[in-house]
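Chains as they are written, first to last, in the numbering used here: chain A, 3 to 316; chain B, 18 to 310; chain C, 10 to 377; chain D, 4 to 264; chain E, 330 to 563.
Hints in this document: simulated from the structure, not taken from any laboratory.
In silico PhoX-like cross-links for lysine-lysine, where the CA-CA straight-line distance does not exceed 20 Å:
id, chain 1, residue 1, chain 2, residue 2
1, C, K18, C, K64
2, B, K98, A, K294
3, D, K250, E, K500
Chain D side only, calculated, beta carbon under 8 Å to chain A, not exhaustive:
id, residue
4, K84
5, F97
6, L100
7, R107
Backbone N, C-alpha and C fix where the C-beta goes; we use that ideal spot for every residue, glycine too.
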Amino acid sequence: MNNILKAKNLKALIGIILIYVIVQALIMVGIVDDYYQILLVMICLNIILSVSLNLITGFTGQFSLGHAGFMAIGAYVCGYITVTVEQEFSFLIGIFAGAIAAALVGILIGIPTLRLKGDYLAIATLGMAEIIRIIILNVEAVGGASGLSIPQYANWTWVYIFTVATIVLIKNFINSTHGRACISIREDEIASEAMGINTTRYKVIAFAIGAFFAGVAGALYSLYFYFIKPDQFGFMKSIDILVIVVLGGLGNIHGSIIASILLATISSYLQEYPELKMVIYALVLIVIMILKNKDMTKFKKFITEKILRRQTAV
Amino acid sequence: MTQFLQQLINGISLGSIYALIALGYTMVYGIIKLINFAHGDIYMLGAYIGFVCITYLGLGFVPSLIISMILCAVLGILIEKLAYKPLRNAARIAVLITAIGVSLFLEYGTMAIVGPTIRTFPQVFPQSRFEIIDGVVINVTQIYILLVTIVLMILLQYIVRMTRMGKAMRAVSTDQDAARLMGINVDRTISFTFAIGSALAGAAGILVGIYYNSIDPLMGMIPGIKAFVAAVLGGIGIIPGAMLGGISIGVIETFVSGYGSSLYKDAAAYAILILVLIVKPSGLLGKNVREKV
Amino acid sequence: SSGGGNGNKSTGDTIKIGLNYELSGGVAAYGQSSRDGILMAFDEINAKGGVLGKKIEPVVMDNSSKADEATSVTTKLVNKEKVVAVLGPATSGAFKATIPAATKRKVPAISSSATADDVTVDKNGVKEYAFKTCFNDAFQGTSMANFASKTLNASKAVILTDNANDYSKGLAKSFKETFTANGGTIVAEEAFVADEKDFNAVLTKIKGMDFDVIYLPAYYEEVGLIIKQARDLGIDKPFLGGDGYDSPELIKIAGASALNNVFFSNHYSSQDTDAKVVEFVENFKAKYGKEPDAFHALGYDLGYFIADAIERAGEADSVKIKEALEQTKDFPAITGVLSIDENHNPVKSITIIELKDGVQSVKEKIEP
Amino acid sequence: MPLLTVKNLTKSFGGLTAVSNVNMNIEKGELVGLIGPNGAGKTTVFNLLTGVYVPSSGTIELNTKGKPVVLNGLKPYKITKAGIARTFQNIRLFKDLTVLDNVRIAIHHEVKYGLVPAFFRLPSFGREEKEIYEKALKLLQIFRLDGKKDELAKNLPYGEQRRLEIARALAANPDLLLLDEPAAGMNPNETAELTELIEWIRKEFNVTILLIEHDMSLVMKICERIYVLDYGMVIANGVPEEIKKNKRVIEAYLGEEILNA
Amino acid sequence: MLEIKNINVYYGVIHALKNISLKVQEGEIVTLIGANGAGKTSTLRTISGLVKPSDGSILLDGKEISGINAQEIVKMGISHVPEGRRIFPDMTVLENLELGAFLRRDKAEIKKDMEKVYERFPVLGRRRKQLAGTLSGGEQQMLAMGRALMSRPKIMLLDEPSMGLAPLLVKEIFEIIQDINSQGTTILLVEQNANMALSIAHRAYVLETGSIVLEGPAKELAQSEDIKKAYLGG
Ligand SMILES: Nc1ncnc2c1ncn2[C@@H]1O[C@H](COP(=O)(O)OP(=O)(O)OP(=O)(O)O)[C@@H](O)[C@H]1O
Ligand SMILES: Nc1ncnc2c1ncn2[C@@H]1O[C@H](COP(=O)(O)OP(=O)(O)OP(=O)(O)O)[C@@H](O)[C@H]1O
Ligand SMILES: [Mg+2]
Ligand SMILES: [Mg+2]
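Can you make the complete structure from the sequences, with help from the hints?
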């Protein structure tokens, strides 16, 4: 078993490095220009956000509509530190400070609210994110409504490193006994508790880890896009992340990655159709959701009828 | 004291608007457990339909109201059939995402047709206001809205509790298959629910359009969320809860603005919501059912 | 193509100009209005033969009212579309977020409505490729504060701002500084958040205070509702504001009877009898079927403004255009004659407009 | 000293007293039945023992290592750690997880490695995961489920789901195992098989078992002692022979004397 | 009266019913026995229209009913007491019974039928106003049967009515089934408790992994050694 794991790990490692080398080469020859780099960074940030939300909502089953709130904390704490400290690599301190601050807030808010179920939890987390945003809006030290400008420290390489780290760490977590404990809460909270799992603790852990990486994404966002404003972290941002998670599949990390790429690509194409952009986006969303639900059973039936039958014939 | 009374009136009238929208929200939720994000946008369309009726067709208030309610009901049924029905057996969160899609579609579809700028509603009611006691004023439209909300709440409660259709709705809400076995047409019942919920949104749209006399394609977003919050605060799925939740949010916001800082009124409303949920996890009027094991 | 670079040149038979606007999302109304104004100007210019003998080819993209998308759009416009200038976004935050991308490519970015004082300058000095054609927030706030103290003899003011809006907060800040410097007191600073419709709570609170004027720097959507609701509650003190009031919708929302004792600072008056203004208003109505608001007018001017700079640059070369922009002197816009100062801000006169039963009249004109 | 001592256990829901003044002792190694009419409060007793409900009054003591631990008011997971595991009246497996994972989750509380080794796959992670895997596999082999370890629990036939639920409960290493109607929905043949399995488990795992069941063929055959509940109260307690003949039990529950079950 | 011909049912990839055919004559009690997952519930759900067969036909009094919606099938006289009772827990006993008569408009007759149900199940009569969810298991089973009777069915489909019931109640339920049958309602009964089912049924079918493997008079099957070995624990 261990050997298989290692072979798989090696393959993944080669893949990760290969992607980086290829992109870097394309940047060098100018095929990937500034614009594509922004697109890549957006995709990576969405991956971090959706994978971390997937841990909370997809794996642990806690419906959260407040991910943008954690992102905001990461972005602002990091931005503020980077601007005030102004030393080389202060931005790295900023990223970790932002992530830890987000995780702390996650724990603080998670302990009382995670008793709530389903839609009630969703609305409580939405409220929490709004409270965070409103507080930031009123803190003049970080610019309030007019926003905060930050030197651009992060580049595509940094963002890529953090994205890979996020995916690897969260995957490792999920495939451990702690991850299984989280998943069991999603499956059946009562049974999970009866099997000896401290469900409150694991919900808070999942929430904190999710918040931590949302904080990382927020921090990187502030460092790459060098300008942050409270309204970038509103309710719709949380929804955007949730859309990616559901589109890619709850509890499916690869799905989140693919959906991040897909949605970023779609919306970059749509920039050129300003008037109908959102209408098309909305339609695409509805149609994908319907097809996703519908064709699965048909698809499976197709496989059994066409492929399995063929097997028996052979 | 004068100021306190005036603020109370302000709070109740703002709250009755939230309640009016929350009624439809809660009703749809109560039956199919769907947070219908598009509800706020149907409210917006209700306002636009009313606007067209009054401004371009020159109709009076009552016919405009009826047309708006009917068209919204039809639209509600259509949305349900096209977007939600194919997902009847899907995970609830998937339907939620579809509802968000529908919401965006309505918002930006409307924007593509009428443009993003606001339109102003003509004055249909006389702009009269009473001075109840010295310095405390109340607007006629405010009274209308409050009355309409109360009447609709009672009517809805009657429909759901007393009528045959209401029984069917409740049966469908607990167990669709069992309801089918009773001979209940589940699809029709759900359509009916959407029709009523959307008609309510339409009514709300036109009333609020008249009250504030400015409408725009994104006007449904914030009241939609506030109404949702109100419904949850009162206990989602419970009709009087929507009323209670709506009025509470309105009064909280008003008093926080009036006596504290208006900067934190939304934050205060959310904070109170969270506090209430921590004490009563299923809202003010919600029953605290623990799953029977 | 080479990254970074020495600016973009239009070598074909058209001149590409990028438009990066808020066409969807929360402030789509401002973005779409600006775009309509600009496109109208371009149409007129192209109809008259274009610039340097070439037609202007606008490349319009949507930034969804999001700052990061705005960055991405400008990057796309300067790198992929190779435009020689980017117009927009309309709001200060989004505009700020695009400037580094434009600067890196040496392409000028110009906004006709990003009013924040610091969009074109920061602590490192003037941003080489950023320009704006609208007032600084400070200029409007100061002018109105002086008007309040000197013309209206007010000594006590209430400030009511849109807390989520940096334009509103910027104006309020400078109003407060000047008003208190003039010896006045700020009785209270209240706030609301855009997109609300019910302001009775905060107005009831204000009603109970002792003051001479209310300074309400905000956009007409909220201003209309606030003034209407204030008058309904029995507040009849003067309302003062800025160019955000300038829209034909204001009178429809608030109702003519509420719009008395209202003053605001503006670039021009749409009731102006100046032939150019009259012609613009008429052409606009013919084209779009409605009356223009401030964003339309400012956008329209921006269209001519960039064309003028290209003409003077003598070549559709972004670096040269930037140089020409810096040289702008006494450009005759319909929203007032303007020159560009060393901070890439416009120097133009401000007009104070009074509303009587909703009808505009020029109360004062203040030269910079 | 008994393994489990229940004193004056009471639970009310609003006006209804579902369990009222129940006293119960279970010795180590016993196999005890809990029977009674529908709604008598049997499942509620289980829910009280496992912390799903908090008792209105009374005490529950578990005595595993010579020192009694008071269980009332403890969270379910703590009770599981203290040594009680259960199955549910309506099967509550982790339906969308594999058979293997169902069992591995129940081993969770024995795992010592923390979050950091999990994130970074430190050696302790690998070592312990291997142990968990082997332990789970052994259990599955015992229950003849090892061949299906990678199937989703929901795809197992009903009987195997019941077995998996018991295996999962045993994975939590209990001293006391609570089974709630393990034979429900089984035909007489399957029930007979299950009866044997339960007896065998007791020996093999050295656990004490308390079981609720309406199928008298199973109860009378393997239970050494039986408690009978009616309206939340213990109306009888004794060996099967006594219970079968008890008038009150016959009246309230059995309907007629069962002579040869 | 009810005839099923060669139906097949799939749940996604699972082939749950394979070419099932069976018949129920007027006035009969027919029982369907089989191990867990054999497809008993699926058969009933297919008859009452909750599941659509991929092919085959279902005839009620010679009329094709496969493909018709569940609510229409109720109208035609089939009523289904589902596995797990599926009463409406948040409604009162009375409201549950009213829903049973949802399709009927004859108020007076409904009232009469309701009295009959109360007569047959006196517990329900005493608990009219109680929320159904708070009834005990046996009471809920009675409510489910009473509710099904309210539609005045010609034929009743019962899915494991004795599951989870105390021995006393098991006996009672089977007596009630016989009684309902003797008053003219045809019954198709699915049971795990094969002993009891065979003892009251006229005819029986044995289902194994989706196919019918045996059929015949109930008395005969009860004597069959194979059946005894496989299902009767003997
Ligand atoms: N959470 C709850 N809220 C209200 N009443 C409850 C709750 N849980 C159980 N009850 C009631 O307590 C009583 C005992 O229920 P319990 O489930 O313990 O019965 P039981 O003996 O297990 O019956 P069965 O053999 O039918 O499973 C019943 O009347 C039941 O309705
Ligand atoms: N909704 C469903 N989706 C997928 N598979 C299903 C579904 N319902 C039943 N099945 C499968 O179809 C087969 C037949 O199930 P069915 O419920 O009809 O059996 P049954 O004879 O009633 O069993 P039991 O005695 O357990 O009630 C089983 O393999 C079951 O797992
Ligand atoms: Mg029980
Ligand atoms: Mg079954």
